[in-house]
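Counting from -19, one number per residue, gives the positions in the sequence shown under my numbering.
These are computed hints drawn from the structure, not numbers from a lab. You may find that some hints are simply not true.
To be verified - What follows is a set of in silico ranges between Cβ atoms, one per label pair, in the way DEER data are often shown:
#1 -16 with 28: 40 to 48 Å
#2 52 with 175: 24 to 32 Å
#3 28 with 123: 22 to 30 Å
#4 28 with 88: 35 to 43 Å
#5 68 with 151: 43 to 51 Å
#6 126 with 208: 46 to 54 Å
#7 212 with 144: 44 to 52 Å
#8 174 with -18: 31 to 39 Å
#9 159 with 182: 35 to 43 Å
#10 175 with 90: 18 to 26 Å
#11 233 with 90: 22 to 30 Å
The beta-carbon is built from N, C-alpha and C at its ideal position, and this holds for glycine as well.
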Amino acid sequence: MHKRFTEFLRRHPRLVVLTGAGVSAHSGIPTYRDDEGRWLRAEPIQHQDFLTREQARKRYWCRSLAGWPAVQAARPNAAHRALARLEALGRVELLITQNVDRLHQRAGSRAVVDLHGRLDRVVCLDCLHQVQREQLQDRLALANPELPAGQASARPDGDADVADEWVERMSVPNCERCDGMLMPDVVFFGGSVPRARVQRGLDALAAADALLVVGSSLQVYSGFRFCRYAAELGLPIAILNPGRTRADELASLKISAACGPVLEAGVAALARAGSAGLAEV
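Work the whole structure out from these sequences, hints included.
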């Protein structure tokens, strides 16, 4: 299995990498779906609900107050580090991540598109002022001293299970500059990914040798579209994911395994081969 993956890396030196929640699972950030692509929990908040329903915003920020500390404390794992090393070897044109945890950047990856945004930043929808999420955490905790921050069961992307009574008591701060509505700088389900991010990914694919998908079931179209485009271009697609994906039929290589060990072994073998080649020269 690892030999097939290493051979894929060797034969395609200009990769676009697309990652999903499975990459961060071993950093303690739960995934949305099981190995069959089914929801593990109730569906996450929808974009329109957040914008139009005060109760939805109270629920989101209450759960985020409890869940953010776990995301803030998360550290890159073997999969993040291996992909950063792959970029350092000059093999990654672009890494497109559907995750919002910024763990790829913390592992050392530089050519990254945060397709769905970043959870460590909050934006005012009225004046567009941005603040760091950790700053808002302080304001949330100050406005809700009776609610236990960081003391709930973790869910994906900084969410957490909380009691309904906490939601009812939740006080949500507004923008300190204009009193406008604050929203995490992420694309919620049902929202639209900024066109510039999508185009950067499509442009990178047009210049690449292959697409590597890691840790994603590809159930969301925003990620699946890159598989479709790669197939239209005639690019080989390798998928490394423990369970089924929406693009399995498009893949020339599918490895059903945990991401970290396969990536580590493949990148290490590629690095050794490169060192041997330099030694021969």
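Could you check the hint for me, namely that residue 212 and residue 144 are 44 to 52 Å apart, CB to CB?
-> 47 Å, holds
Holds or violated: 46 to 54 Å for the Cβ distance of residue 126 and residue 208?
-> 49 Å, holds
Distance restraint hint 31 to 39 Å, applied to the beta-carbon atoms of residue 174 and residue -18 = 37 Å, holds
At the C-beta level, are residue 233 and residue 90 separated by a distance inside 22 to 30 Å?
-> 26 Å, holds
Has the hinted range 18 to 26 Å been met by the Cβ atoms of residue 175 and residue 90?
-> 23 Å, holds
Hint says 43 to 51 Å; check whether the CB-CB distance for residue 68 and residue 151 agrees.
-> About 46 Å separates the Cβ atoms of residue 68 and residue 151, which means 43 to 51 Å holds.
Lying within 24 to 32 Å: is that true of the beta-carbon distance residue 52 to residue 175?
-> Roughly 30 Å apart at Cβ, these two residues keep to the hinted range, so it holds.
Just tell me: holds or violated, for the beta carbon distance of residue 159 and residue 182 against 35 to 43 Å?
-> 39 Å, holds
Using the C-beta atoms of residue -16 and residue 28, is the stated range 40 to 48 Å upheld?
-> 44 Å, holds
Does the Cβ pair residue 28, residue 123 satisfy 22 to 30 Å?
-> Between residue 28 and residue 123, where Cβ atoms are some 25 Å apart, the hint holds.
Do the Cβ positions of residue 28 and residue 88 conform to the proposed distance bound of 35 to 43 Å?
-> 37 Å, holds
Consistency note: the structure conflicts with none of the earlier hints.
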